[in-house]
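> Chains as they are written, first to last, in this note's numbering: chain A, 1 to 198; chain B, 1001 to 1239.
Residues from chain A that face chain B, not an exhaustive set, calculated with beta carbons under 10 angstroms:
| hint | residue |
| --- | --- |
| 1 | P113 |
| 2 | L114 |
| 3 | D115 |
| 4 | N144 |
| 5 | E148 |
| 6 | D150 |
| 7 | A153 |
| 8 | A157 |
| 9 | R158 |
| 10 | G177 |
| 11 | A183 |
| 12 | D185 |
Simulated from the structure, these hints should not be mistaken for lab results. Bear in mind the structure is a predicted one, so any value in this text is a computation, not a measurement. Don't be surprised by glycine CBs; every beta carbon is placed ideally from N, CA and C.
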Amino acid sequence: MVYPEPLEKLITGFCRFPGIGPKTAQRLAFYLLDRPREEVAGFARAMVEAKDKMRFCSQCGCFTEKDPCGFCTDPRRERAVLCVVQEPRDVLVLERTGQFRGVYHVLHGALSPLDGIGPEELRLPLLARRIGAGGIGEVIIATNPNVEGDATAAYIARMVKPLGVKVTRIAFGLPVGGDLEYADDLTLSRSLEGRREM
Amino acid sequence: MAERSYKTDALVLNSRPLGEADRLITLLTWEKGKIAAVARGARKTKSRLAAGVDLFTYGHYLLHQGRSFAIITGQEVKEHFIRFREDPDLYPYGLFLAGLTDRLIAGTEPCPASCRLLLDSWRLLDGELDRDLLCRAFELKLTDLAGHRPHFEGCLGCGAGGAHIFSPRQGGVFCRQCAGGDGMELDPGSIALAVRLIGAPLAQARMLRPGPRQKRELAQVTATFLRYHFDLDDLIKLR
Ligand SMILES: [Zn+2]
Ligand SMILES: [Zn+2]
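Next up, chain B with everything else stripped away, as it sits in the complex (with noise of 0.2 angstroms):
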C-alpha cells in the first residue's frame, strides 16, 4: 500500500474556492505528478496555509493523500512570484506558462524536468527579456515533454532537408512534394529558430534576436498545432 503521508516540492497550476473558505488547488509536484489537493480553511485571514496555495507559487509540501484528493496538511513558500500579480501585462503571461503546463501535463508519475521547466520560465519571465519569444520557447519544451513535440528537422514524409511547409494536423514540416498543397509555408529563419529554442538552454531565449516575420509565424505555428492537438482556445487567446 502507498504511503498516504508525503512531502514534495511543488508549482501552484491553479487555485480556486472550494465550499465555505477552501481551496482546491493544482500542484505540480516533483515526485508524484500532477495533482489535485485541498487546503481546508486557507481563504480565511488567519489560515496558515493562505500565503503557500495561491497561483504562482513555488514551495514545499505535507499532503495526506485521500481517496478522491490530496489534502494539504502544511506548506513552506520557497519563492512567490508576486510581479505576476501585481503587473497587468505580466498576468496572462504567469496564466498562460501555469495553464499551458496544467492541460499538457498529466498522470502521477515524478516529471522533475516538466517542474523545471515551469520554475525557470517564471523566473525569466520575472525578468528582462522577450516574453513572447520565452513563450515559444516553453511551448516547444512543454510539447516535447508531453510527448507531443512538432517536428521541423526535414520532410515528415521523404526526409529531404530544407523542407519549410508545417501542417499543424501531421505536426510537422513537408517538403513541396510531400505537402501537396497543404500546410503554411514558412521561412527557413523561422524553422531555424524553432530548432534552436527546441534544443538550446531556456535562458537563451534572453540572447536570441529574430526578426518579426520569424516571431510572427513561429507564434502561428506553435499556435495552430496546440490549437489542433489540445483543444487550447482559452489559452492560445492569453498570448
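Here chain A stands alone, though its shape is the one from the complex (with noise of 0.2 angstroms):
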C-alpha cells in the first residue's frame, strides 16, 4: 500500500530508529496522527531543543547541556578517582547504582582496528592528557567484557600504569539471581580472579 507523501516521510523516518522494523514504525506515526496538534509539536520542539542544546563534555565526553558538565563541576565529587566507560549511556547506567562518587572518561566506543577505531579515533589522547595533568590517583576501567572492550582495557593499562596511576578492572562475574552450574568457563574464571574476602 500507498501511504501520501507526509505519512510515508514519517515511516520513513521511524524506521531509521533503533529496533524499530516497518510494522512499528507504521504504528508509531498512525499514533502520532492520532494525538492533539498540541502534544505533537511539543514532542517535535523536544526533539530539536534536544539535539540543539546537548553537547559532550568536552573534559569527560559525557552529554551535557552546560560544558564541562554536572559530574566534573560538583565539588562533591571525588576527582582522584575516574571511571572509563565506553558510551555516554553507560554512565547513566553507574549513576543508577549510586555506588560511584567519582568522575567519568567516555570513550565513545571501543578499539576495533578492522572498522577503522584506533586509539584516535577514541578520547584515549584525552584521557592521557587528564591523567597526564594529575590528581588521579585510580583509574576504573569498566568497558564492555567483551573482545573490543577487553582490548580497549589492556590498553588503557598499558598506557597508564607508567604514570604511577593505580589501574583497576571492574569484577566480572556470574549473574545476580542465576545458578553456578550454568555459568560458562570464562565468566567463572574471572569470577575466580575478581573475588572478594567476606
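Take the two lone chains, each set in its own frame, and fit them into one complex as the hints suggest.
Right, here's the structure in full:
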C-alpha cells in the first residue's frame, strides 16, 4: 500500500530508529496522527531542542547541556577516581547504582582496528592528557567485557600504569539470581579472579 | 530439502552488535563453510549464548537455518583465546588471522582444512614464536587453500629455475628475461623461505630463523600480492 507523502516520510523516519521495523514504524506514525496537535508539536520541539542543546562535555565526554558537565564541576565528587566507560549511556547506568562518587571519562566506542577505530578515534589521547595533568590516583576501567572492550581496557592499562596511577577493571562475575552450574567457564574463571574477602 | 537444524564445530571470525541486544557473527564451520548467524539476546549479561559468540572462540554450535541467516540455538565453548584480547600486542595479530580468513574463504562447502589452519594458528600465536613469521606462513597457506597461492618454484614465463623477480600482478616469480623490467627483485633466501613455509607444517614456523632481509622481503611480497588481488588495505595495516 502506498501512503500519502507526509505519512510515508514519517514512517521512513521512524524506520531509522534502532530496533524499529516497518510494522512498528507504521504503528508509531498512526499513533502520532491520533494525538492532539499541541502534543505532537511539543514532542517535535523537544527533539530539536535536545539535539541543539545537548553536547559532549569537553572534559569527560558525557552528554551535557553545560560544558563542563555536572559531574566534572560537582565539588562533592572525588576527582581522584576516574571511571572509563565506552558510551555516554553507560554513565547513566553506573549512576543508577549510586555507588560511584568519582568522575567519568567516556571513550565513545572501543578499539576495533578493522572498523577503522584506533586510539585516535576514541577519546584516548584526551584521557592521557587528563591523567598526565595529575591529581588522579585510580583509573577504573568499565568497558564492556567483550573482545573490543577487553582489548581497549588492556590498551588503557598499558598507557596509564607507567604514569604511576593505579588501574583497576570492574569485576566480572555471575549474574545475580543465576545458578552456578549454568555459568560458562570464562565467566566463572573471571569470577574467581575477582573474588572478594568476606 | 536441506536439514534445517544442525550441529557443527566452528571458529568465530567476526562478531558485532545487532539491534538492541543481539549479535551477528560470522562462523567458519567445519561442515558448512562460512555462515552468518544471529545470536539472539547475546549482549544481555544473563545470556547463555554470550560466552560463545565472541571473536577468537572455538566452539560447538547448534544452528537453525532461517531464510536469510542462521540462528544460534545453543553453544558449547571448546577453547577461548583470551590472551588476544588481554594483550595489546597480540590483539592485532589475532584480528589479522581472523580477518584474512573472513575475506579469503567463502562459500558453504565444508572447509576443514581452513578451519584447522586458523585454529592451529591461533594456538601457535598464543605461545612463544616469531609472530610475523607465523603470519607469513598463514598467508601463504590460506591463499593456497583459497586457490590463489603465489608461485615461487621456477619462472612463470619459461619455467627456468632460480627465478627471483616477483610480480604481484601475475602472482609469481619470473627470470630476468621474462620479467622485462617489472616486479620486485628478491634474495634467493626469501624465495627459499616462502617455499619452505608453504610446504612445511605450520608449527615449523617455530623452528625457522630467517634473517631480517628475508623476513622483510617476504612481508613485502605477501602484502603487495594480497593488496593487489584482494583489496585488503585495512587488514595489511594490522601487520
Ligand atoms: Zn564532564
Ligand atoms: Zn623466464
